Structure formats: C-alpha cells, structure tokens
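Asks: Sequence:
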Amino acid sequence: MRVRTTDLPCEVHPDGTRALGVNVPIGDGVAFQYRERDHKLAIQYDPRVLSPGRFNDYISQLFPAGIFTLEPAIDPLALARFRAQPLRKLKVRLARPQQLAALEDDMAAAGQAFRDLGEAYEAPVITLEMSMGHYGGQLGEGAKQMVEGFLTMAGRSSDVRGITVTPDSGDGSQNEDINLLDTLLSVKGEIAPASEAPNDVYAATSAFVQFHLAQHG
280 MRVRTTDLPC
290 EVHPDGTRAL
300 GVNVPIGDGV
310 AFQYRERDHK
320 LAIQYDPRVL
330 SPGRFNDYIS
340 QLFPAGIFTL
350 EPAIDPLALA
360 RFRAQPLRKL
370 KVRLARPQQL
380 AALEDDMAAA
390 GQAFRDLGEA
400 YEAPVITLEM
410 SMGHYGGQLG
420 EGAKQMVEGF
430 LTMAGRSSDV
440 RGITVTPDSG
450 DGSQNEDINL
460 LDTLLSVKGE
470 IAPASEAPND
480 VYAATSAFVQ
490 FHLAQHG
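For the sequence shown, the positions run 280 to 496 when our numbering is used.
Heads up, some of the hints might be wrong.
Stated by the list, open to error - Taking CB as the label site, the calculated pair distances span:
| no. | residue 1 | residue 2 | range |
| --- | --- | --- | --- |
| 1 | 298 | 421 | 33 to 39 Å |
| 2 | 421 | 337 | 34 to 40 Å |
| 3 | 315 | 280 | 19 to 25 Å |
| 4 | 424 | 283 | 43 to 49 Å |
Stated by the list, open to error - Cross-link-like lysine-lysine pairs, in silico, DSSO-like; alpha carbons within 30 Å at most:
| no. | residue 1 | residue 2 |
| --- | --- | --- |
| 5 | 467 | 319 |
| 6 | 423 | 467 |
| 7 | 370 | 467 |
| 8 | 423 | 319 |
| 9 | 370 | 423 |
| 10 | 368 | 423 |
These are calculated hints, taken from the structure and not from any lab test.
Since the model is a prediction, treat every value here as computed from it, not as a measurement.
All C-beta atoms in this analysis are idealised placements derived from N, C-alpha and C, irrespective of residue type, glycine included.
Please model the entire structure based on the sequences and the hints provided.
Replies: Written out as structure tokens, the structure reads:
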C-alpha cells in the first residue's frame, strides 16, 4: 500500500482546480493472500492500481531465477453451468490487440481477427461479438472453447477487458447476458472499514481477501 500525506492531487472543477477536500491521508493499494500448500493466490482485482499480470511481473523481478505463471482458479460449478447451456451470443473485449501473441486451436481465428483489426485501424481496444441473431440453434462448441481460452488469459492479463455471453434459457423466458469475468473468476462483496483512512481500508480489504481464500479449499 502507498500512502500520501503531502503533495496531494487537486480536484478539477469547471472554474479551475481546488485543494483535495479530505481530512485524512490518501492511499492506494491491492490486498492479496498467498497460500503455500496449494500455491493459490487471492488478490483484490483493481487493475487501475495493480493488475494480476503486473503483480506477477514484480514477483519475477524479485526472484529472477524463478519462472512464475498465473492460472485462474475458475469456479467449477459456474463453469459446469456455462458448459451445459447452449450459447446464443458472446462478446469479448480486448485491449492492445496488436500485441496479442499467436493463439492455437479454437482461439486461433478470433486471435487473428483481433490482431488484423487492431493493426489495420490502429484501434487500442477491439470488441468481437458473434451471435445467432434471429436464427434458431446455438453457436458451435468451438465458440465455448474460445471463450474458455480468453477466460484463462484474463487470469494473467488485464488486456482482456470483458467477456459476456448469452446462454439459451430454453424455457421461453428472456435470455440474460452474463459477465463471465465476474461469474467465474471473482467474488464480489462489501467491506466495512473502521474509517476512510488508508490503513483501515486496507485492513478491511485484506480481511475480505483472506476470508474468501479460506472458502476455496
């Protein structure tokens, strides 16, 4: 955690800037907990401060002789539900498409499309969407495999900005969009810090992370 008591940023208003209206120091940080017995890491997801991929980069710099990789721990029950449901529509949002390495198998075509569009139009973010439209049926099994591949990538890289799918409910009800990054990779909740002071916020966030890591094995 980084705390600042001086050189605070200003508030920006239409008529100019003003001093930041706070009575406590400000800070930012990311709470995490690592469990050695099964090499599982729980980390507060806030890529504005520190993404999981950048976290891994820092660890690699501290121990240059080692090789560190991150693999997402996907919720198995939610993943089973995703695999069992017919898929009507999917949307993948990716930053820095020009930097995307060559992908294999069911991800190859999507990866090539991301790179080609990014290079041709110099777009920093590309969104790929495919659906059945008004036709019946479902997207092919390869589409699900492609989505799972980008889910795995999302656990290592903040470049995967969003993955949304629309399964076929199959009972005549409205099909709902599902944010897979939230559903399969993360746990959301509220914290109740003792105050807005950075140390109190960090302590409450750390307790939240530790509690939910304990729920996973």
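Asks: It remains to establish, for every hint, whether it holds in the given structure.
Replies: Hints and how they fare:
no., hint, verdict
1, 298 / 421: 33 to 39 Å, "violated, 56 Å"
2, 421 / 337: 34 to 40 Å, "holds, 36 Å"
3, 315 / 280: 19 to 25 Å, "holds, 22 Å"
4, 424 / 283: 43 to 49 Å, "holds, 46 Å"
5, 467 / 319, "holds, 18 Å"
6, 423 / 467, "holds, 24 Å"
7, 370 / 467, "holds, 22 Å"
8, 423 / 319, "holds, 26 Å"
9, 370 / 423, "holds, 11 Å"
10, 368 / 423, "holds, 10 Å"
Consistency with the previously given hints fails for number 1 only.
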